[in-house]
Amino acid sequence: MKIAALFTTIRNLPLSGKIGLAFVVFWLLAAAFGPMLAPHPPGAFVSEEVFADASSRLWLGSDFLGRDVLSRLLMGARFTVGLSAVAVTLAVGIGTGLALTAAVGPHWVDELLSRAMDTLISIPSKIFALVLIAAFGSSELLLIVILAVIYVPGNFRIARSLAVGLARLDYVEVARARGEGRLYIALSEMLPNMIRPLAADIGLRFVFIVLLLSGLSFLGLGLAPPDADLGSLVRENTSGLAEGALAIFVRATAIATLTVSVNLLIDALTQGKVR
Amino acid sequence: MKDTTQHVEVRDLSVTVRREDGTPLRIVEDVSFDIAPRETLALIGESGSGKTTIALALMGYARGSAEITGQIRVGQATLDGAGGNALKAQRGHRISYVAQSAAAAFNPSRRVIDQVIEPALIHGIEPEEAARKRAVSLFRSLALPNPETIGQRYPHELSGGQLQRLMAAMALITQPELVIFDEPTTALDVTTQVEVLQAFRRVVREQGATGVYVSHDLAVVAQMADRVLVLKRGKVREQNAVDVILQSPADDYTRMLMSAAMPVVMAAPVLPDAPVPLLEVEGIHAGYGPIDKEGRPAHPVLSDVGFSIGRGAALGVIGESGSGKSTVARVVAGLLAPARGSVKLDGVPLAPTLSGRSREELRRVQIVFQSADVALNPGRSVGDILGRVLRFYRGTRGEEARRRVAELLDLIKLPASIASRRCDELSGGQKQRVNLARALAAEPDIILCDEVTSALDTVVRGAILDLLAELRRDLGVAYLFISHDIETVKALCDDIVVLYKGTRVESGVRDSYNVPPVHPYTDLLISSVPELRSDWLSDESERAAAPFAHLRERPDLCRFLPRCPVAIAGTCEVSAPPVRQLSSGNAVLCHHTEETLRRTQSEKILG
Numbered sequence: 005m006k007i008a009a010l011f012t013t014i015r016n017l018p019l020s021g022k023i024g025l026a027f028v029v030f031w032l033l034a035a036a037f038g039p040m041l042a043p044h045p046p047g048a049f050v051s052e053e054v055f056a057d058a059s060s061r062l063w064l065g066s067d068f069l070g071r072d073v074l075s076r077l078l079m080g081a082r083f084t085v086g087l088s089a090v091a092v093t094l095a096v097g098i099g100t101g102l103a104l105t106a107a108v109g110p111h112w113v114d115e116l117l118s119r120a121m122d123t124l125i126s127i128p129s130k131i132f133a134l135v136l137i138a139a140f141g142s143s144e145l146l147l148i149v150i151l152a153v154i155y156v157p158g159n160f161r162i163a164r165s166l167a168v169g170l171a172r173l174d175y176v177e178v179a180r181a182r183g184e185g186r187l188y189i190a191l192s193e194m195l196p197n198m199i200r201p202l203a204a205d206i207g208l209r210f211v212f213i214v215l216l217l218s219g220l221s222f223l224g225l226g227l228a229p230p231d232a233d234l235g236s237l238v239r240e241n242t243s244g245l246a247e248g249a250l251a252i253f254v255r256a257t258a259i260a261t262l263t264v265s266v267n268l269l270i271d272a273l274t275q276g277k278v279r
Numbered sequence: 045m046k047d048t049t050q051h052v053e054v055r056d057l058s059v060t061v062r063r064e065d066g067t068p069l070r071i072v073e074d075v076s077f078d079i080a081p082r083e084t085l086a087l088i089g090e091s092g093s094g095k096t097t098i099a100l101a102l103m104g105y106a107r108g109s110a111e112i113t114g115q116i117r118v119g120q121a122t123l124d125g126a127g128g129n130a131l132k133a134q135r136g137h138r139i140s141y142v143a144q145s146a147a148a149a150f151n152p153s154r155r156v157i158d159q160v161i162e163p164a165l166i167h168g169i170e171p172e173e174a175a176r177k178r179a180v181s182l183f184r185s186l187a188l189p190n191p192e193t194i195g196q197r198y199p200h201e202l203s204g205g206q207l208q209r210l211m212a213a214m215a216l217i218t219q220p221e222l223v224i225f226d227e228p229t230t231a232l233d234v235t236t237q238v239e240v241l242q243a244f245r246r247v248v249r250e251q252g253a254t255g256v257y258v259s260h261d262l263a264v265v266a267q268m269a270d271r272v273l274v275l276k277r278g279k280v281r282e283q284n285a286v287d288v289i290l291q292s293p294a295d296d297y298t299r300m301l302m303s304a305a306m307p308v309v310m311a312a313p314v315l316p317d318a319p320v321p322l323l324e325v326e327g328i329h330a331g332y333g334p335i336d337k338e339g340r341p342a343h344p345v346l347s348d349v350g351f352s353i354g355r356g357a358a359l360g361v362i363g364e365s366g367s368g369k370s371t372v373a374r375v376v377a378g379l380l381a382p383a384r385g386s387v388k389l390d391g392v393p394l395a396p397t398l399s400g401r402s403r404e405e406l407r408r409v410q411i412v413f414q415s416a417d418v419a420l421n422p423g424r425s426v427g428d429i430l431g432r433v434l435r436f437y438r439g440t441r442g443e444e445a446r447r448r449v450a451e452l453l454d455l456i457k458l459p460a461s462i463a464s465r466r467c468d469e470l471s472g473g474q475k476q477r478v479n480l481a482r483a484l485a486a487e488p489d490i491i492l493c494d495e496v497t498s499a500l501d502t503v504v505r506g507a508i509l510d511l512l513a514e515l516r517r518d519l520g521v522a523y524l525f526i527s528h529d530i531e532t533v534k535a536l537c538d539d540i541v542v543l544y545k546g547t548r549v550e551s552g553v554r555d556s557y558n559v560p561p562v563h564p565y566t567d568l569l570i571s572s573v574p575e576l577r578s579d580w581l582s583d584e585s586e587r588a589a590a591p592f593a594h595l596r597e598r599p600d601l602c603r604f605l606p607r608c609p610v611a612i613a614g615t616c617e618v619s620a621p622p623v624r625q626l627s628s629g630n631a632v633l634c635h636h637t638e639e640t641l642r643r644t645q646s647e648k649i650l651g
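Residue numbers (this note's numbering), protein chains in the order written: chain X, 5 to 279; chain E, 45 to 651.
Derived by calculation from the structure, the hints in this document are not laboratory data.
Misleading hints may appear alongside valid ones.
Across the chosen pairs, the derived CB separations fall in these ranges [to be verified]: (1) X/39 x E/425: 43 to 49 Å; (2) X/9 x E/148: 52 to 58 Å; (3) X/112 x E/277: 51 to 57 Å; (4) E/148 x X/37: 20 to 26 Å; (5) X/168 x E/457: 53 to 59 Å; (6) X/172 x E/400: 20 to 26 Å; (7) E/553 x X/97: 56 to 62 Å; (8) X/201 x E/300: 20 to 26 Å; (9) E/308 x X/6: 49 to 55 Å; (10) E/466 x X/143: 44 to 50 Å; (11) X/201 x E/352: 56 to 62 Å.
Part of the chain X face toward chain E, derived, beta carbon under 7 Å [to be verified]: (12) 173; (13) 174; (14) 181; (15) 185; (16) 193; (17) 197.
Beta carbons are placed, not taken as given, at the ideal position from N, Cα and C, and that holds for glycine.
Please take these sequences and the hints and turn them into a complete structure.
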């Protein structure tokens, strides 16, 4: 029954949504199973030639050190998709949770949370990351925490403005007058009506996180080589730009398809054609 | 298309839209009518009758993917349904449109005069200087205050009635041959509505324009139109001269509209005498913002409001927007803590805020809001919404809850199958019923109805009023019924309180409001309700000017002073009015004695 409903939903998606869905599924599969399917170890030097063209042995050619582009791409996809998905979930979960607390709680809670978020948003994200990584040393867990914390305030602001608007609506007033608790009001009356704009925000924040992760990796603050995410794969191969190397083209396309398709899918799902 | 003596000719007009699954749906079917030059035709019907669609088609416009077939001719321009659309070019120039919500039609960041003259400049009719002059003269004809300077203001500085008239000025600036009014007074208070209607009628006559007036209110239409076209579900039910329609309506549906326009007083149940009233409200002062040392809030809304409601009784609270009537309901419900005063239920004082009240106390007082669109959570099903109330107060679940939901839906005369529908799939009338059912689910002693019928058209309003009266008779529930419409309140309530700017200017039993003397403000409210005859508006000669219109309203004097036509010089602007007990039993807040009030009010009726 559930599966049938899922298929109906997919069939009713507009074309852009179907394209988005296809790419999202592709990248999720790549992240999950990619490293198992990779023909070569990602760190191994497998070619004498740098920026080699595609061949039957190296399907997508070699990179600036003669490593297999495909294998490294599959590894990068796992890091990018995995880290970003966990970080965006954390950021939106915490941001929206705090926003609902601010909207239904007493006035001073709202003030306290809002000012705390203003403080956090005023710290430059890269400096913030630099300080934390210098203090604790780079690790995947720390990267997730940093990425999440940096994007909590933005989500908090959007979710709070939505929630404060909803809190003034009559159906929320009726629930209050009935004597409903704050938790019920926040989760059952307000949250379901915030989902669509929040979904759009998730898509946007996912893109930001992918880009910030790439930026951090480029500065040497992200993943330590030979591990790499999609962003650092592009950066490390910039010298191949002039030659039009596959190594750089394929990875840039990967980032583009991943971020664009996530947003295509979310837009299609929230446009009202599909409930 | 031979008869050129008619200004507007419409033949076999149909408008078709596509449903979501692609099948066509005709929302207007084979409508034909003519309008002679300088005449006004009214399109009347409930929501969904296609009246706005027809009005828009006259401008060669169809919403969304709708398709127009048939012939329309306005002056020389035609729309033949075969692609030729000369009407489009006339739009905003020779054909203009006045919409319902003027507040939403103005750009808040530009001065109104620049917006009013815009159509004239866009169509290159006049140079800017001449257009400005014409605008000022239109402002004068529309009886706007300070016609020379009002244009320099921004939309947020003006009232709803003023904006509606400014929008009419915008429509008339190009000297159109055809003006379409689409429910232009529906969102206004009755007292404002009269002024706006008078202004519209005068200015349309002065300009010699042909008019189309769209409305659901037959009494309003009677004042504006020469001919009336009655529509139901996109089909013409009757068309005739306005007097013929009013005196001898031929169609059943027209008769139904007419009876809905005059709500009948419903028989009140016999109430047992109880020593303690169900709800007692005493000396309420309330408002918004921080409260100062003397217990006054920064933005006071209510001052010294009190009343009591017996078990199973209905009390009406009337007043214009800004009178604080909704605040009364919010204070009683505990949504807003009063600065002073008390609310007692069965003689037991209720805590000022929600958190201090027990669940049982909350259950006994339920509130129903005006706009069912925002009062029902759009994402949830009807069954969910009602079921939640049952579970919350009674712990009813499962099969028992489903049975109770079906009972409730039966009570409000909706099919039980509606329980699984989402609220945003219901019609306005259905939503309002579900809104009521949610309150009934708690089995309350009293329901606070905040303008529950105001957003509905006349036929649906009548049905909801009947339902309320029936529920009261069968369940013995009491009402605090808040409305701006004195006719609606009279139809349902035994006692009536009149609020003006947060003060209670009059209170008493229903029948005392039928004959003078009443408070001057009550008199104004009653005389502003349009009557079902075409000469009513001309009788309602220009209102007597208020002698103290130049004074600012002051909290220590009569609040009505700046608008009162019978204010007494040397008394009213000096001291606060006393509460007078009239022989009819009504209490009024006025310096006038019963005798002088009666004299001023009966003179008007005779004269």
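Taking the hints in turn, this is what the structure says about them:
Between residue 39 of chain X and residue 425 of chain E the CB atoms are about 45 Å apart, so this pair conforms to the stated range of 43 to 49 Å. A C-beta distance of roughly 39 Å is found between residue 9 of chain X and residue 148 of chain E, which places it outside the suggested range of 52 to 58 Å. A beta carbon spacing of about 55 Å between residue 112 of chain X and residue 277 of chain E agrees with the range 51 to 57 Å that was offered as a hint. As the Cβ distance of residue 148 of chain E to residue 37 of chain X is approximately 54 Å, the hint placing it in 20 to 26 Å is violated.
Between residue 168 of chain X and residue 457 of chain E the CB atoms are about 37 Å apart, so this pair departs from the stated range of 53 to 59 Å. Range check, residue 172 of chain X to residue 400 of chain E: Cβ separation about 22 Å, and the 20 to 26 Å hint holds. A C-beta distance of roughly 59 Å is found between residue 553 of chain E and residue 97 of chain X, which places it inside the suggested range of 56 to 62 Å. For the hinted restraint 20 to 26 Å between residue 201 of chain X and residue 300 of chain E, the CB-CB distance of approximately 43 Å leaves it violated.
With their beta carbons about 53 Å apart, residue 308 of chain E and residue 6 of chain X fall inside the hinted range of 49 to 55 Å. About 47 Å separates the C-beta atoms of residue 466 of chain E and residue 143 of chain X, a value consistent with the hinted range of 44 to 50 Å. Take residue 201 of chain X and residue 352 of chain E: their Cβ atoms lie about 46 Å apart, and the range 56 to 62 Å is violated. Hint status for residue 173 of chain X relative to chain E: holds, with the closest Cβ pair at about 5 Å, below 7 Å.
A least Cβ separation of about 4 Å between residue 174 of chain X and chain E falls short of the 7 Å threshold, and the interface hint therefore holds. About 5 Å separates the beta-carbon of residue 181 of chain X from the nearest beta-carbon of chain E, less than 7 Å, and the hint is met. At about 10 Å, the closest approach between the beta carbon of residue 185 of chain X and any beta carbon in chain E exceeds 7 Å, and the interface hint on this residue is violated. Taking 7 Å as the C-beta contact cut-off toward chain E, the hint placing residue 193 of chain X at the interface holds, the least distance being around 6 Å.
Here the hint on residue 197 of chain X is kept, as its CB sits about 6 Å from the closest CB of chain E, short of 7 Å.
Hint compliance for this structure: hints 2, 4, 5, 8, 11, 15 are not met, and every other hint is.
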